[in-house]
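For the protein sequence lines, the chains are A and B, in the order given. Take the first sequence: its position 482, counting from 1, is numbered 486 in the numbering used here, and each next residue is one higher. Take the second sequence: its position 324, counting from 1, is numbered 328 in the numbering used here, and each next residue is one higher.
To be clear, the hints were calculated from the coordinates, so they are not data collected in a lab. Any given hint could be a false lead.
Identical copies go unnamed one by one, so any copy, or any two together, can satisfy a pair.
[Stated by the list, open to error] Pairs of lysine-lysine residues, derived as DSS-like cross-links and limited to a Cα-Cα distance of at most 30 Å, are as follows:
id, residue 1, residue 2
1, K817, K850
2, K817, K716
3, K822, K796
4, K488, K634
5, K593, K796
6, K817, K831
7, K589, K796
2 protein chains.
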Amino acid sequence: MTGKYVYNFKEGKKEMKELLGGKGANLAEMTKLALPVPPGFTLTTESCKRFLSEGQTIWDSLDNEIENYLKDLEQITKKKFSDKENPLLLSVRSGAAQSMPGMMDTILNLGLNDQSVIGLAKRTANERFAYDSYRRFIQMFSDVVLEIPKVHFERIIENAKKEKGVELDKELHADDLKKIVTQYKEVYLRETKKDFPQEPSVQLRLAIKAVFASWNNPRAVFYREMNGISKLSGTAVTIQAMVFGNKGDTSATGVAFTRNPLTGEKQLFGEFLLNAQGEDVVAGIRTPNEITELKALMPTGYQQLKEAAKILENHYKDVQDIEFTIEDNTFYLLQTRTGKRTAQAAICIAVDLYKEGKLTKEEALMRIKPQQLEQLLHPHFALKAIERATRIAKGLAASPGAASGKICFTAQAVELAYEKGIKTILVRQETSPEDISGMVKAEGILTARGGMTSHAAVVARGMGKCCVAGCSEVTINEEEKMLKYKGGMVHEGDLLSLDGSTGMVYLGDIEKTKPALGDKFSELMDWVDEIKTMAVRANADTPEDAKQALEFKAEGIGLIRTEHMFFKENRISSVRRMILAGSAKERAKALDELLPMQKNDFYQIYQVVGERPVTIRLLDPPLHEFMPVKEEEICRLAETMSLSEEELKNRITALHEVNPMLGHRGVRLGITYPEISRMQVRAIMEAALDFKLAKNSEVQPEIMIPLVSEVKELVYIKAEIEDEIKKVFAEKGQTLTYSIGTMIEVPRAALTADKIANEADFFSFGTNDLTQMGFGFSRDDSGSFISEYMGKNILEKGPFDTIDQEGIGQLVKIAVEKGRQTKPNFKIGICGEHGGDPVSIEFFQKLGLNYISCSPFRVPIARLAAAQAAIKYR
Amino acid sequence: MTGKYVYNFKEGKKEMKELLGGKGANLAEMTKLALPVPPGFTLTTESCKRFLSEGQTIWDSLDNEIENYLKDLEQITKKKFSDKENPLLLSVRSGAAQSMPGMMDTILNLGLNDQSVIGLAKRTANERFAYDSYRRFIQMFSDVVLEIPKVHFERIIENAKKEKGVELDKELHADDLKKIVTQYKEVYLRETKKDFPQEPSVQLRLAIKAVFASWNNPRAVFYREMNGISKLSGTAVTIQAMVFGNKGDTSATGVAFTRNPLTGEKQLFGEFLLNAQGEDVVAGIRTPNEITELKALMPTGYQQLKEAAKILENHYKDVQDIEFTIEDNTFYLLQTRTGKRTAQAAICIAVDLYKEGKLTKEEALMRIKPQQLEQLLHPHFALKAIERATRIAKGLAASPGAASGKICFTAQAVELAYEKGIKTILVRQETSPEDISGMVKAEGILTARGGMTSHAAVVARGMGKCCVAGCSEVTINEEEKMLKYKGGMVHEGDLLSLDGSTGMVYLGDIEKTKPALGDKFSELMDWVDEIKTMAVRANADTPEDAKQALEFKAEGIGLIRTEHMFFKENRISSVRRMILAGSAKERAKALDELLPMQKNDFYQIYQVVGERPVTIRLLDPPLHEFMPVKEEEICRLAETMSLSEEELKNRITALHEVNPMLGHRGVRLGITYPEISRMQVRAIMEAALDFKLAKNSEVQPEIMIPLVSEVKELVYIKAEIEDEIKKVFAEKGQTLTYSIGTMIEVPRAALTADKIANEADFFSFGTNDLTQMGFGFSRDDSGSFISEYMGKNILEKGPFDTIDQEGIGQLVKIAVEKGRQTKPNFKIGICGEHGGDPVSIEFFQKLGLNYISCSPFRVPIARLAAAQAAIKYR
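Model the full assembly from the supplied sequences, consistent with the hints where possible.
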């Protein structure tokens, strides 16, 4: 196999990233723009792939190509690679198609040896510079190629400075550096039993092989795994003529953003070091100067930087992150790439670029990663603080935000601390309705069990409260009030921090940054609403949730989980009595107690939502979820029900199911106990009619039936609830427009959607359950093996985070097609967790869904993602 | 709406069953065959439907039609309906499209009144006959039309006989009967406050309305529900000129089968009564004579019956069940229908009809209901005994057969009783591996929890042992050794009987009939094998199971559930230590212990199965299923493992899952603990190679991976096990042909079957899990609501009994199509419970599956069903 494995900068362009890596492609692009780029060439990612697959050897034709390109380089620079007098020195840098900052290796000043260092000193009339360059080269080469620990070299330079009584490297003179070079070479000999290679072509060959091989160093492999980079097969290697920022005080090296990446302000932002090489800036040994100071020190260089920045930004139409070097007052560009930025900056920059006429609204919108908005909506740990923090475990990122506080193992402890103004983290095996008061008052919630839709997770998301759930890496002992983690233990009152956006758990308190939404955010979100075609609703179970959702411009409520209303303290007892009733009469009594409360729930929500659509799902979960677990609660309930404790326990046990997720829940409850559905529907309609009378405003409730798997279930329950609605209308002497639809969350429902559509006014996908049943993955139990699957590359993404388009997506597609085959303009939405996930939202846009619904705090993210999806697929 | 609602016998034919009912259609058919059928006409099932839907009124045009047909009848019979001298008397009988014996009503002798009874007496010169007919009419009319309790009439006739000192009705004379008629009419007046209607047309109208209405009497509704008759909308009413079997000793009435319905022998079989009307035979007041006696008493009549029987059998090509009447030595046919028969008779008759040249092999095969064969394979309760038994509950028909014995609540109690030669029924909340010794020695097993694939059900089916599982109608208290049922309670030592074919539980001991397979069965089953195109394999976990399966001519083993081997007493401890191991080393040690045992398991099975295909499924169930539950077992295990009881309990608790069916099981176990899969595969291959060496015979193991949902799972585990196989081959210096396939039991696997087929050598559908996940119905928990669904007509059949073609069937179809899209001749089978269900087997034939696999005792049923399916869909 032969072929072209090397390209010089004139042969490449920015579109060739896959082949030349980001660095190589952008150096070529800048060369084409006639910007001052030192000449060079790039070995392609394909050559790396071949190198790795052929037992890490370099084949002849590649050797030849390198030799030829090197000759060109000698001609252009008018230097010779192996020349003693006027040596061509090279940088050898890795660069993959996707940025992997700091993960692979770089060698500077390659080509120096004991002879050419003398020539360089003479030619530049700068002996100090020459030896400084040489000692840097030896150090980097030893590190990268031979993995000799850096500490050996650092110790030598430290000793030299101590002996001389100076603090900074630049205070060392040429003679000092000469001695250091000698000592460095001794280290090299000691560690490798060989002399430091003097032949530049040998140096280059070894350097190239080392950079290729660095693709598979553990750090790079780990980085790719963590960042989900799985499609790349190697790094490119860019070989470039050196320019020197360490030639004295007319030289410098630095990095600059074309705009402020923290705020988005339109101003150069960055830092530089005088008389230094690139790695000094990164290493943080010397404190760099702010970029604005360059103006005074090197006005020409600064001016050139400004112009280059302008050209690059206009060309790339985005903020650039630039590396530059000034050698003897001559400005060179060494790299440019898209600048990473905070969410706030991203928004500011996108809006400004549109206003400057550089981007269309659509292009500007596409620049914001929807996930980034989360930073704006919740507090986050300060980046620097988190680097120093001690991470002790990782659970599920169940509800975003950052929280710190003292550990409490009971809701009562949280409440006590709250009264004293102490911030707390509620730590529980898993939460139950009895913990809600504590959840409200804690800063964050940590549970050891339960998945993304466990009680803790769902309630916390509704509240917008930070929660890490299902953290199976820790052991929680509620009795003894301690939390064990791998390597240690904490107790009640100890400080703990949670990152609900990543699932990380840290020891101690960690500094947080506050969220901030500005005018530019509003402006951008206005464009979002102009552009997107799917409606964005929110899942909200309380008036507070609904209010929050509307503040984020939700267009309606896509899911009210009525069971969450059942958990409220003042009614859970009635709910329990309803469930455990020994007779229809007892049940009717409990339902009578619940009716006014449910009615009031709905009335309150109608007051917030007004005439926007409101989808109300009838009771869904298995009944045992409502049961008391604590002895004292059971005892109290038995009293209320005039039952012996034993009898009550028997009734509770009878509700036990082996696989509750596949058990007696959803519409199945409504079919067994139509009176429960009737009560709920009565509450919905009575509240709506009262509202109509009081406000002269018509709500249009959408009643949603959960867990339908067969159209006849829907027929059955519809007959029941329509009969009840007729009665309400007759009693009130008033009617109202309403609709009755169904969740599509059981695979069989998707497969028979044509029939179900005949009986339904709308579909709403419950993609959580659809994923659960489609994969056979219990949300509550699959956490451990799903992460193992991701580690072993069996799954790319957690299927509960992003919808699995290949499999579960087929069910969604089938249901959409079959539903619209029956009713061409059928209204179809989705109210599962995936409704807030940008990648999933794109998929729903492709399928032609009418709306998505997600938790209130994800509404802005979903809106932006919907707009981006509309741009891609309209 | 008008139309034709009445047909006379010349207008109908046997194909018009839907419209004329079975009775009406067959009377018409016999009329066409010129057999002696009294003339008459039939009101269609459509007229009944209309009658019921129009508030039970008869519309004018129907009245007119009836009048016209009545006039025809008068002409043919040369009698007049309202004539005093020569009255036309009628029978009015119900008859639906499907036989519902005894469920609806009949009235005879309609048309008699105080006047015409005198005319009839004169004309027939038989006063006794006339009044006997009249009193019968009054009694039947009162019963059917006015629901006057029969007991009033019976008391009168009893008194009359007592007064006279006679025993039999026929010993009553004309005068006695006249008095009885008077008394009957008094009863009528007393009960209805009206005189008995004298006008024949009024009688007829009331009778028709009553028969129509009887369609919805509770007993008919219940019968239809029990027998799954849901598509019929009404009964036909046949009105026919009376002929009289009660005209003296030259008259008789009877029923006859053209062949013996118990044994299948070719001989008339039936009974008759001299001087009687039809209902006397049914009522059982007088003991009828055997049909052979008719020959001597009425040679002409007997001859005519024989000839009619022959003509009918030749015409219908099946055994007929005939009703006849002989009036004054003249023979009349009143009904013919296909004769119901025992399984043994069905087989004998089918084989004989083929040999007689009346049926082809295919036609003969289609005559046997596969389900019927169950009667031949297991003991059954004697029909008459069961009628007298007290039924106390119904559970799932988990493993067929009939069993009686003393209740034992523990395996130990069973074993103790067994030693004393006492038969027992093991009654448990649910069984666990620790109960196996007791299960072996009990006659039958009853559990209160667990579904069709619970431990009890699966193990019992493997053993061919009667089991009723998941009988939630009873409460079992193992501590206090009692079983509560609705209305009572039984204790240890009380007698109980189980019908594993119906799920019924009875009090006491019940007489059983032994199974018997004869030569004709073998002959028939040989044809089955000639005709069927799908292979039939068995699910077998032990050599004994395999042996039983081969005796029933299974063509291989379609499923070995290796986990059942793990439950054996002598190894469960190693299994538990393997699962609960704290380190890989501990686990390896336990696996080393298990390896020789597993290897021996496989070797034993290979010895039975030889070169037939053997599909071995790797470990499937959630690990917690293997855990001890009893305190003492836990204690013992903790000792063996040198752990504290607390620590052991913690490890067991850690295995707990909220929804184990969707948890860490199947291939997921293999991915987490590849060493388990490796041990199993090593055992499979080492045993196979040893067998090859010892027997010079090559087994071809098919290794099957359970619960795959994503092709990469298969890729991963295949790499592991192929590596292990290579090692075994290298160690033994021998190789073997094997294949690696996968279950398709997760909806996502079906949807992505094209990709999975790339990596698999075969598919085997696990339709239990596919149903479970496709419907979202937990097998263990859905029993209660599935039966509610069937009661409410939401489901027609239990989806775990017969595959749901509409929904789950789509997944099977998709997987077959996608699998064969990737590999056109891909081998596909099914090893779920549905593999033994005839309706499901027909569906699998339609889809083109290569084989089905079911529990050993269902193999003959599956073979016959497969042959029938092949006949229908080849």
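Does the structure break any of the earlier hints, and which numbers would those be?
Violated hints: none at all, because every hint is consistent with the structure.
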